[in-house]
Amino acid sequence: MRPIELELGVIAQAAGSARLHIGATDVIVGVKVEVASPSPFAPTQGRLGVTVEFSPCASPVYQGRFGETYGEQIAAAIEASLAPSTRAGGAAAAAAAPANGGAAGASTSATATAAPTPSASGPSWGLDLGKLCISAGKTAWALYVDALVLNDDGNVVGAVSAATLAALVDTRIPKVEVTTDAAGEEEIELDDSPGAAWRLDVSRVPLVVTVAQVGSQCVVDLAAPEERCSSSALHVAVNRAGQVCGATSSGRAGVEASMLLAMTETAQRLAPGLWEQIMRFLQSPAR
Amino acid sequence: MEFVSPEGLRLDGRRPRELRRINCQLDVLSNADGSAIFEMGNTKVLAAVFGPHAVTRRSELREEGALVVCEYSMAAFSTGERRRRGKGDRRSTELSMVIRNTLEQAVITELLPRSQIDVYVQVLQADGGTRCAAINAAVLALAAAGVPLRDLVAGCAAGYLDGTALLDLNYTEDSGGGPDLCVALAPRLDSLYLVQMDNRLPVDTFQAVMELAREGCRTISGVMRAALLEHTQRLAVARGITAAV
Amino acid sequence: MVGVFGPRQSEVKLGFTDTGRLNCEVRFTSFAAARLNKTELGALESSAAAALQQALEAAVQLDKFPKSVFDVSAVVLEGGGGDTGALVCGASLALADAGVEGLDLVPGCGVSKTAAGELLLDPSPEEAAAEEAGLVLAVMPQLNEVTLLSVRGRWADSELQAGLELALGGCGQLRASMRECLLAALAEPRMPA
Amino acid sequence: MAAAGAVAVKVRALVPGADVALIERVLNVHDAPSNTTFVCVGDEISTEGQEGFLRGHGTQVVDGKLVATVCGVVERVNKLIYVKTLNSRYNAEQGDVVVGRVADLAGKAWRVDLKSRQEAKLLLSAVHLPGGIQRRRNAEDELNMRSFFREGELISAEVQSVHADGSVALHTRSAKYGKLVCGQLLEVPPNLIKRQKQHFHTLEALGVELIIGCNGLVWVAPLRPDRLAAANAAAGGGAGSAGADEDEAAAAAPPPPPSRMQLEVVCRMANAIRVLTRLYMPVYPASIMATYEAAVEGEVALADMMEPGFLEAVVGQEAQRRSSAMQE
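Same order as they appear, the protein sequences are chains A, B, C and D. Residue numbering for the first sequence follows our numbering, starting at 83 and increasing by one per position. Residue numbering for the second sequence follows our numbering, starting at 12 and increasing by one per position. Residue numbering for the third sequence follows our numbering, starting at 510 and increasing by one per position. Residue numbering for the fourth sequence follows our numbering, starting at 40 and increasing by one per position.
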């Protein structure tokens, strides 16, 4: 892989941000936190939203709305890697709804229990959205991860994923206290002092690695011209332990099943080392 | 809310006639023909220029001069409150038009017939005065791309709050409800390329605010000039031009 | 329900290509996705369309249709679990029925992993909602080439392999029934359009 | 860039403007001789001591004073004063060797993207017909244009003429021009390229072919002894392999696949050009070779050529070369 260059805290207005260069690929990720109401499907969890935008600065082809679908696809892959339940679970719950609704009429609780409920210890991977809850069913932190691609020289997915990890490490969330006043109304007090802020636990956040097929070889970290030569690619989310936490395929041609497994394995071998390297850099005093 | 303290200091500790800290970086993107980051306090704007190149849509081809295309977009994380701004919302479209109009006058388009210049402005951080910062970043990027310009146009905002004319408003001052004047000036030609103002302002005060904004433009233009000169010199040395002479 | 239109001439503004193009569009009926609001529905529809396009693109011999476009529009009448798999199967059948040259039929199906580590082929909505991890696979069985793979949740290596094999087997079964269905349709006299 | 399985990933701090700082530090920008005048947009150019002047490129006259319209270096040739920009798009001149990508077909011509100010056209009548037959092009040839060059393919050509409105006409009426396959394309700011007598270079000792297009596109490919013949054959219709270019993957393409050694040399050469581009240094055979040899001597791995260590070494070498040139 090409060397990765990272810079943290580039956006003053964001709770956490990172800029990342890999080759000439240049992405900025900003994380914002806001107090919002939790999703009705998961009242005890914070919200998570991921967007990926291509700046027209990257290339004139991204002028107007072009590149939005591509951005959405990347965003979906990153979002699925950060939290198990938001998008995939939402779709599953939605699919479950008519079936349950038909059987039990007004029983809305049926779907609520059917929706994936992470155990008390939090989900097995990704971010623990339960920690983002302020008051069950009423208020929770909404975490917005916004990525901006300033230059596309290949491996955008990997770059966005790594930058997201770094930005999440950089993120500070203010402490809040919920007090109940006489009328039973809940009030939220924000403690704005930087010392009182807490950080997210990123130890379970997987990295998304793109493995592409060029000819009959598995290749990682392609530059833009190389990307045009690859027939298909697999974006694999792998956590630090080397376990697969999700995958999506892309490309115009089919892949043989054996090749698919080889690609996954490549990703599994690569990602833990990458994860450790990034964390070591982020924790090093040199920064 | 008090915008100017009795000691004559503003919310961020500036004097009324003081600009924020300016920082210019040139050639920050490798793909673009010219690019620049213009920072002014907490406002940070990136501009990229592609071209001049052949027109992409033949119907827009102009025989007599170059076509300037502008797109202004704000990053989702750029504002204090996160707001999902789709591309092409009304504010962005309006600002794209404003920047385009200003730049079309600044570029000597007659020299580049039948061609097109794309200017993309991306706001990375917004803290008031993005309009002017966008113009400044775009002019820097155009100069870095070697596009002939009539003058080093610079933009600056000024306002009038608490009975004082204030230079270069930040976001809090901008939303303070007072008049806000945005000016783009060609310092050598001493001609105005853009004047925009909202809210009302007595005519005699307008003169003072206008003069202040023009003063600000001259100062900014000077800073931009220094940045460009230094950059040019670096490039020339790397290229061995000076050594050869 | 899937309809295929085309091949038709490509719009001039998109420029020349020597291969064809495939446009996919997926809509959910209002009762198939009653619990979603507009934006969520939009996101679901566009992601389903992207998945469908990806699954079919490799199978349709687009290089045989220069300068032309196929429109594949699908409507999900009722979401009963495994929507993506069903979409791919339906669209592939529709393409074959429309006489579009393809490399193979593309069956697609899903596999769910329960919390206990059991693997379930073609999960029902309840099973899918309770799953710990899942995957969707679309494949060209005759060529043994995977055209779409989407994995969610955490998998151990051996589990993933077993899940893939199970899904491949499921796709094989699907292909057989899809083939029969097409042959039966051929045998029937057609109504003139 | 690396093959799968290589896990060593370097993560380090991003320092904006590191390259520029490097140049400044090593080449002593501020100590540079100041007998050249730099100007910025809107600066007045002194015309003192000159009776009358001729206004050249990059200048305008405001109130009788000469004012720069671009940033750059002031050049004076007799009475003519002009400003040379250091970074701008390619301006075509007759006889230039260029490398471009076929954008699309327009009637009897190919539109070629040269990364220039205006589009360039390669007329059907400006290419050799198969077998070198001399005749008028007919409608059939027009229909078969794609068998010569397709969209997206790279070609080398020569500027035949520049029209008054600035548009460019190309020709490939020589065996050395034509389609380019199996190599790497590099983009260099055109100002870094000097017009020279020779733009085609074959480095036989290394087995590399180098085309330095005046428009800033540089082509590096493994030298194929049969290239000239192949070029003719390709022009002879029925060109098979299209699309995939500028990649190592292209090594899989037909006649004799270049050896791994050759490919490495090509990559090293390409990286040498990338290094020069990044450091804003002129790109011409001698500078490319110097960088290439520095990498070979220093035993710098292919992937490490873009690392700060090597960049510094290259700048240092350049500084030394200049100081010795000054002493002479």
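The set of hints was computed from the structure by calculation and includes no laboratory data. Predicted model only: the values in this text are computed from it and were never measured. The beta carbon of each residue, even a glycine, is placed where N, CA and C say it ideally should be. Honestly, I wouldn't trust all of these hints.
Some chain A residues well away from chain B (every beta-carbon gap over 10 Å; in silico) [as the list claims (entries may be wrong)]:
#1 VAL92
#2 ALA106
#3 SER119
#4 PRO125
#5 GLY212
#6 ASN233
#7 ASP234
#8 ASP235
#9 ARG310
#10 ALA323
#11 GLY324
#12 SER332
#13 GLU347
#14 MET361
Calculated pairs, DSS-like style, for lysine-lysine (alpha carbon to alpha carbon, straight line, at most 30 Å) [unchecked claim]:
#15 C:LYS573 to D:LYS123
#16 D:LYS160 to D:LYS218
#17 A:LYS257 to A:LYS213
#18 D:LYS123 to D:LYS147
#19 D:LYS218 to C:LYS573
#20 D:LYS123 to D:LYS236
Footprint (simulated), chain B over chain D, 3 or more residues, beta carbon under 8 Å [to be verified]:
#21 116 to 127
#22 338 to 348
Next item on the list: Could you work out which earlier hints the structure fails to respect and list their numbers in ascending sequence?
Entry: Failing hints, ascending: 1, 2, 6, 7, 8, 15, 18 and 22.
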